[in-house]
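Top to bottom, those sequences are chains A and B.
First residue of the first sequence? That's 205 in our numbering, and the numbers climb one at a time after it.
First residue of the second sequence? That's 205 in our numbering, and the numbers climb one at a time after it.
Hints were generated in silico from the structure; no laboratory data involved.
Hints are supplied without guarantee of correctness; some may be wrong.
Which copy? The list can't say, so a pair holds if one copy fits it or any two copies do.
Derived DSS-like pairs: lysine-lysine, alpha-carbon spacing no greater than 27 Å straight-line [said to hold, decoys possible]:
hint, residue 1, residue 2
1, K349, K307
2, K423, K318
3, K450, K297
4, K303, K409
5, K407, K297
6, K407, K349
7, K407, K354
8, K409, K348
All of these numbers come straight from a predicted model, not from anything done at the bench.
Protein chains: 2
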Amino acid sequence: MSCSNLDLINECDSFPYYQTDPDLYAASISTYFELRVRGHDYALGYILPSVAEIFRNLPNWELDDDDRILTLTGGSTAEERSELVMRTLWAMKGIGHFKVLEKWRDELYPVYGKNRELLFNVERCASPLLGVVTYGVHLTAFVKKDGELKIWTPRRAKTKQTYSGLLDNAVAGGIASGEGPFESLVRECGEEASLEEELVRSKAKACGTVTYFYIRNEKAGGETRLLQPECQYVYDLELPENVIPKPGDDEVEEFYLWTVGEVQDAMARGEFKPNCALVMLDFLIRHGVLTSENEQDYIEIVSRLHRRLEFPTL
Amino acid sequence: MSCSNLDLINECDSFPYYQTDPDLYAASISTYFELRVRGHDYALGYILPSVAEIFRNLPNWELDDDDRILTLTGGSTAEERSELVMRTLWAMKGIGHFKVLEKWRDELYPVYGKNRELLFNVERCASPLLGVVTYGVHLTAFVKKDGELKIWTPRRAKTKQTYSGLLDNAVAGGIASGEGPFESLVRECGEEASLEEELVRSKAKACGTVTYFYIRNEKAGGETRLLQPECQYVYDLELPENVIPKPGDDEVEEFYLWTVGEVQDAMARGEFKPNCALVMLDFLIRHGVLTSENEQDYIEIVSRLHRRLEFPTL
């Protein structure tokens, strides 16, 4: 198996585009339910019919089959809505409705409205059931040794709940509700790679975002076809040669210091976690490794690493 | 007047998005004609009705009012089609149909099909009449002086045909048919900034593309409302302190070496050529100057700098 870079994009940014295939897009959209909260007449996410069905006749929820909208009708503040969402999902977990709910993490993800206001928080593992945008931070750590770029590449522990054994970005994690991206990054750099706070604060450089719309497949675990639009804040960190990232928790098995060629070979073998491959592609483009001269899908890849999502973002 | 960074995006990426405003998008699209060539049943660009009307009953062209499609029916090779397009446009120029044709440059721009094959070439000044994607290169030259980033910023000559007197990127130009992006860059660096070929070849770094969909306004000159989807290949060039860019032709009045703050102030005053402001925003994002902490529209800006266009690209 050898994946092109566009194959890697297609795996992770798998939701159709209206611009290039309006018929396929319309056919897909027509099968989903929009998630809304009362008083905000726009979609916050897309929900599979099999998921929406479980909300039928539940108090505080309204399922409109004609317009295909699931609305959280209860609650008028973020706190009240969050409480109702939590209670509904916790009950569903108790009944054993969804496999994804078995991985309950007690971490809350924020869902924002059009004016960037917090509408509600949702338990992390439940966010793909609701199809809402989730946020994370991804850092690429690298060294320049005699002019050659080398990239620190961790392998995920075989015991991780998701994507076990695959390659990752040096540091990556979800942003919990109430946490800023940079603060989240500093925390994750300590937890995942044992990088000192002062080093991270002074040397990590924000370099944009990578956004995509993932349709979960069997690699993600739990129900497939769930919709997962994501926004990753990306950072670069050039490390001094004497700083060696070390797993700080049990999430990483080992860090490799790889040449660009080694990284690209592993990407072509499909060994990276799908969204980490995208962050790596963005890094290789920003650093002039991938160019219009050596990558025939350059323009499409750059655009699709920065998808404009249908839903409000922070 | 003070423009936010999102205002700068809105000025240049002014075509509506289906994702965020499907009604406005549909209303816009319904007023245009699609440009096609025979045997390729997809849009290569959008054309205003007032422009499409001029093609009515012309030999080698077919105007379909029901489906709103203008098709080049003549020619079966790129060479033949290019010749027909040229003859049609040259005749229109002779009759004095369009103001944009008065700025005839004798430069050809390529139009590609879905398999990246050249379908035809079109005179540069006529490309917005057809609404096809055009390609360019933009380079940001900078120095790091005592750890501070300074950016070489040229002011366009008051005598330039378009956007005279506005600020620009260090080097920028359109890519002619048959020329590769990097070769185009090397040539423009010599012509516009007197930068030595060897320096450019060894130090200029490809950093991606900036893509947007511009609806031409009065600043662009000629007919307004013409549609101009564009793809700019962006490059960074860190210059040694002793290399000073100098205007090599009459297109640039003067180069300033500005701090980031000076550049951002000029952007906020609307002093940059619109698409050069976008390239500068991309630079400031990739270099960690603009971050999610200091730019509230960060996620939207990053996405919109990398629009996925409706039409085939190279």
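Quick rundown of the hints versus the structure:
no. : hint         : verdict
1   : K349 to K307 : neither (41 Å within a copy, 51 Å between copies)
2   : K423 to K318 : neither (32 Å within a copy, 31 Å between copies)
3   : K450 to K297 : neither (36 Å within a copy, 68 Å between copies)
4   : K303 to K409 : neither (37 Å within a copy, 46 Å between copies)
5   : K407 to K297 : neither (42 Å within a copy, 56 Å between copies)
6   : K407 to K349 : both (17 Å within a copy, 18 Å between copies)
7   : K407 to K354 : both (17 Å within a copy, 19 Å between copies)
8   : K409 to K348 : both (16 Å within a copy, 16 Å between copies)
The structure is inconsistent with the numbered hints 1, 2, 3, 4, 5, although it conforms to all the rest.
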